[in-house]
Structure formats: structure tokens, C-alpha cells
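So you can see what is in the structure, the chains are spelled out below.
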Amino acid sequence: MKGNEAIAEAAIRCGADGYFGYPITPQSEVMEKLMELQPWNSTGMVVLQAESETASINMLYGGAGCGKRVMTSSSSPGISLMQEGLSYMAGAELPCLVVNVVRGGPGLGTIQPSQSDYFQSVKGGGHGDYKLIVLAPASVQEMADFVELGFDLAFKYRNPAMILSDGMIGQMMEKVELKPQQKRWTDEEVAQMHPWATTGKPESRDYNIITSVELDSEAHEKFNHRLQVKYRELEEKEVRFETTDVDDADYLIVAYGSSARISAAAIEILREKGIKVGLLRPITLYPFPTKEIQRLGAKMKGILSVEMSSGQMVEDVRLAVEGKVKVEHFGRYGGVVHSPDEVAEALEQKLIGG
Amino acid sequence: MAEITEDIKVAENIVHKKSSVLTDKVMHYCPGCSHGVVHKLLAEVIEEMGIQDKTIGVAPVGCSVFIYNYLAIDWQEAAHGRAPALGTAISRLRPDRYVVTYQGDGDLAAIGTAETIHACNRGENMVMIFINNGIYGMTGGQMAPTTLEGMKASTCPFGRDPKTDGNPLKITEIVAQLPGTNFVTRQAVHTAAAVRRTKKAIRKAFEKQKDKTGTSFVEVVSTCNSGWKMNPVDSNNWMEENMFPFYPLGDIKDV
Chain X
1 MKGNEAIAEA AIRCGADGYF GYPITPQSEV MEKLMELQPW NSTGMVVLQA ESETASINML
61 YGGAGCGKRV MTSSSSPGIS LMQEGLSYMA GAELPCLVVN VVRGGPGLGT IQPSQSDYFQ
121 SVKGGGHGDY KLIVLAPASV QEMADFVELG FDLAFKYRNP AMILSDGMIG QMMEKVELKP
181 QQKRWTDEEV AQMHPWATTG KPESRDYNII TSVELDSEAH EKFNHRLQVK YRELEEKEVR
241 FETTDVDDAD YLIVAYGSSA RISAAAIEIL REKGIKVGLL RPITLYPFPT KEIQRLGAKM
301 KGILSVEMSS GQMVEDVRLA VEGKVKVEHF GRYGGVVHSP DEVAEALEQK LIGG
Chain Z
1 MAEITEDIKV AENIVHKKSS VLTDKVMHYC PGCSHGVVHK LLAEVIEEMG IQDKTIGVAP
61 VGCSVFIYNY LAIDWQEAAH GRAPALGTAI SRLRPDRYVV TYQGDGDLAA IGTAETIHAC
121 NRGENMVMIF INNGIYGMTG GQMAPTTLEG MKASTCPFGR DPKTDGNPLK ITEIVAQLPG
181 TNFVTRQAVH TAAAVRRTKK AIRKAFEKQK DKTGTSFVEV VSTCNSGWKM NPVDSNNWME
241 ENMFPFYPLG DIKDV
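Taken in order, these protein sequences are the chains called X and Z.
For the first sequence, the UniProt record's numbering assigns the number 1 to the initial residue and increments by one for each residue that follows.
For the second sequence, the UniProt record's numbering assigns the number 1 to the initial residue and increments by one for each residue that follows.
One or more hints might be untrue.
Quick list of in silico lysine to aspartate or glutamate cross-link-like pairs, EDC-like style, CA-CA up to 16 Å [to be verified]:
hint, chain 1, residue 1, chain 2, residue 2
1, Z, Lys204, Z, Asp251
2, Z, Lys54, X, Glu188
3, Z, Lys54, X, Asp145
4, X, Lys299, X, Asp245
5, Z, Lys18, Z, Glu47
6, Z, Lys25, X, Asp206
7, X, Lys201, Z, Asp251
8, X, Lys222, X, Glu315
9, Z, Lys208, Z, Asp251
10, X, Lys273, X, Asp250
11, Z, Lys54, X, Asp250
12, X, Lys201, Z, Glu47
13, X, Lys291, X, Glu242
14, X, Lys201, Z, Asp53
15, Z, Lys54, X, Glu242
Worth flagging that the hints you see were computed from the coordinates, not collected in a lab.
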């Protein structure tokens, strides 16, 4: 099935409570599939087409505030509209899952695949000091698997999580193994598991407030400090990545999502020529595999960051190696997908000297 | 004349007491502000219906941003204008709960117009309380979507000129047109009689929610004596003379 359809199937099966979305190419199949599957008849999951992405993300706020597992999906311009809401949710420490099937920007841009939303995804995106948990799938299987993982991490850390995909993974068809249907949490379970949620104030507890406003700046600094502690814990415990052919490698490609697949093919071309190249594929873009890039980078002659953007993740790769290794960027952008040959050629030119 | 002493405070003498849903926090509102009265009415209705444990409130951005400090129910604080979107999800995911949103004119009728219209048009099962004082109170008296023609505000210091500033918006008449609303009314709290009518309207709005037949919308035409730069008495008089002709009181829709 398509990557976008896998998101819909996985959402129902992992016991999600609600999906709120607005149509935008190239991800509209997510909501179309959900509406076709009518999960309100089977699991009781709510699916609603909202009036805008702004409304969608604020519906997530309302649902998450009740301790429910709520999600949305969109593509780049729609995600830009959601940034205000994401900042509020990070500030109110609300868990949710947002799927971004990236297309080329800026502006209305193009509907073709891109990876130019790295900055707006991993650097916070909206106002204030906050982070999203960002997962980068490289297959339809991972599109499905990361729905549950995203929800789990979001609730564990009470923080919005994002699946940062792209138009290629979203539209591509692959075999996918879906997990069996899990039960949705009951209202009683929610009240027990998430005592912070607004579920209606019983006699037994004080009333709950979900908010991100604090007028006392000293108190607000303390709150921000608590957020930072959470982010350090994420960086310590939740970094996920995959490495291939790195043991004997002289050069390293760092690439995520579609670009990781393309880079794997490029590495085969390069190895046939006798150039030893390995691949590091970040699975979590936040938290970023900084330490591993640092460790591997120390024994490399050069690193190429391959991404379908004019160079966004490359900044984090450079920060990881702190100038000790040459780091270059390659990528086609604006909706153009690079070929393995182009990646191989770029590595030779930029790192070996063509 | 007999001296008033503490010993008159006995159960049989009590004719009115503070609602148990109201907290003991001192309200931050300016003297003469309508918010305090409407908060009290909302608390009384929730108490009288016995639904404190079943009500989830959504607070706005504006002067009443801290309404959650004053009513002891579960609250969510929304981004500016987005209360109906939050309310939509809460109501759909917890259909066993009463959902009440509380918003001012800038929140509900300017930045949040889309959310207001669409939530009311879908007929989300919630009570929407709309405080219309024709001005942005919290930010210091700027022109609101409901500021009257000729009315002065800090961003229309010579009075609202429809030619350049646009016209005041009757959002309540608009939502009354929508098939999703089951009760739309406009009230005020400037006299004892008006306070009683507003309480009745809020009660009716909550009662309507039992049938799950759509959005119940209560506008309260209100004063902002700080923003209007008048004392509370003059504000009430000014409201009667100027606001009520443009925003006439009474039920607009009841189905």
C-alpha cells in the first residue's frame, strides 16, 4: 500500500482516538483512507475534516488536553500554519502526533517531494524554546511503525511528535506488515494514566488546567528549564539511527528518509569503483545522532550530507564534528529528487576532488 | 437602629451565597467590568445543574484568559481565537461531558472568526459564551471587530470610520443563520433584571446540550470602563444608549 495509506491503517490499529486534518497534496490519502475505513464504527476513533490546518492543530490541543491520542497529517505549507499550535502544545506539554509529508517550498512551492522542512521540524518551528520529537521514515513499513512509536514517545515525554516524511515515501507503494488491532484507552484508563488531563473534575482531585501562559518571568524561566531537562533526557535516551558499511569506510554519507535510500544505491556505485563509503541514517532527527556522527566522523576523510534541500541538516552534521572533518552538502531541491549517480558524483567531486 | 453584628450570619438568614464552583481567588478585573458577573452566573449554573465534574471549560486569550483561576472546573487555555476548535475536539472525544467556551469579541469575532463559524455550522455540541464589549481590553483599548461606528479606541482615536476601518460585525446574527446552532441569544448584565435574564439564558444553553442538537450561543453585551475611559455607571448608560440599538437584546434563535 501507499505510505500515506499505511499511516491511516496504523493509526486505527494502534488505538488512536482522533484524527483531525485538512486536505493538501501529497498526503490527502491519509484522511481519504480513514474516511473510507470508517473507524468510528469499529474502534470509535473520531475522524474530522477541519476548516484549516490552524483548526486541526488546535483540535489536537483540545483532544490531547483530554488525554486522548490524537493526530493530524499535512504537507509543508499546512505544517507552517500549524506552528503556532505546536508551540502552544509544547508549552502546555501536550502529546500529539503530526505527520508531515514534505513538498518543495518556499511558499505554495510545488507538490513534488522535498526535505526542505528539516529546519521547521527539528528546530522547534514556532515561537519559544521548544523541540518536537522528529521521526524520519525511509519506507512504507516505517510510516506504519512510527505512528505507534510517535504516540508512545509523545506520551512518555508529554511533547508533540512528528513523522517527517516526504512526497516520495508518502506516495510510494511497498509491502507492509500491520500490527493487530489494539484497544483504545477507556476514559477511566485515561483519567488514571494521565492525571493531568481535563477529564471533568471529580471530588477526589483539584481541577486541572492545561495552559502555556505564565506572567511571572521567574516562574516561566523555571518552567522553561524543566522543558530543557526533558530535552536533555530525550537526547540521552531516544536517539535512533542506522549505519551501513561504516566499518571499513573512508567516507560517510549522512542521509534520512528518501535520500537515505538513494544514498544506499549511490554507495554501491562508489564501492564498485573502490571508494569505501558508509551510510548513517538518522531515524530520529530530533534528538539528532550527534554523538555517533562525532564518533564515526573522527575516522573519516570526509562526510557528505545528502538531503533534498539546499542544505539544512548539514548544519547539524557540521556541529557534530566541530570542524574536525570536512563536511559537504549535496541535494537537488524545489521538488527535484536526486539520482544515485548524482549523489555518487557529488561525493567524488566534493570530498575526493574531481 | 440595631447594630449589625456577626450573629446574623446564620443559615436561616442566608438568602444568597457564593457559588461553590467559584474559587476564593480575588478576580483581577477592573471595577465595573462585566466579566466577574458572567463568571459568577456560569459558576451558579454549573453548581445548580450539578455538573461540576462533567464540565470542561475552554479559556480564551483576552482579559478573561485567567477565568480558569476563578471557576473550579477542568480548563484548557486556548490560543487566541481557537477555543471553538479545542471545544470541537473535546466535545467529540468526550461526548459525555459539557463543553463551554468563553471568549471576547477580538478572540471570537476577529482572529477566531473561521473557528467560530465552522464550529457553529457543524453544530458542535457545546455552549459558547461571547463577551462583547466592543474593544480589546487586555491589550489596552484597541478597535475590536464589534467597535461601533464613531466609537473611539486607541487604534481609531478619532472614532471608527467604516470607510477606512470597516464596519462593526454582528457575528451573533451570523451564527444564528447557521443550521448548527440550536439557541442564539444576546443578553447583558447591567441591571439586576438583566443579570437574571442572562443567568436564565446560560442555564438554557446548558440544558440544550443534553439533547446533543448543536451549538448554544450566548452573547453578553458588556462594558469595559477602562477601555471606554468612563466610570462604571457612565459605562452602563453609554452601553444602553449606544450598544443596545446596534446590538439589540433578546433571543435570536431557539429551535
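Comparing the hints with the structure gives:
1. Z/Lys204 with Z/Asp251: 11 Å, holds
2. Z/Lys54 with X/Glu188: 14 Å, holds
3. Z/Lys54 with X/Asp145: Not satisfied, since the Cα-Cα distance of roughly 36 Å exceeds 16 Å.
4. X/Lys299 with X/Asp245: 14 Å, holds
5. Z/Lys18 with Z/Glu47: With a Cα-Cα distance of about 11 Å, the restraint between lysine 18 of chain Z and glutamate 47 of chain Z holds, given a limit of 16 Å.
6. Z/Lys25 with X/Asp206: Between lysine 25 of chain Z and aspartate 206 of chain X the Cα gap is close to 14 Å, so the pair holds against 16 Å.
7. X/Lys201 with Z/Asp251: The given pair, whose Cα atoms are some 32 Å apart, is violated under the 16 Å limit.
8. X/Lys222 with X/Glu315: 29 Å, violated
9. Z/Lys208 with Z/Asp251: Status holds; Cα separation ~14 Å.
10. X/Lys273 with X/Asp250: Holds - the C-alpha atoms of aspartate 250 of chain X and lysine 273 of chain X are around 13 Å apart, at most 16 Å.
11. Z/Lys54 with X/Asp250: 64 Å, violated
12. X/Lys201 with Z/Glu47: Status holds; Cα separation ~13 Å.
13. X/Lys291 with X/Glu242: 13 Å, holds
14. X/Lys201 with Z/Asp53: At roughly 4 Å apart (the allowed maximum being 16 Å), aspartate 53 of chain Z and lysine 201 of chain X satisfy the hint.
15. Z/Lys54 with X/Glu242: 48 Å, violated
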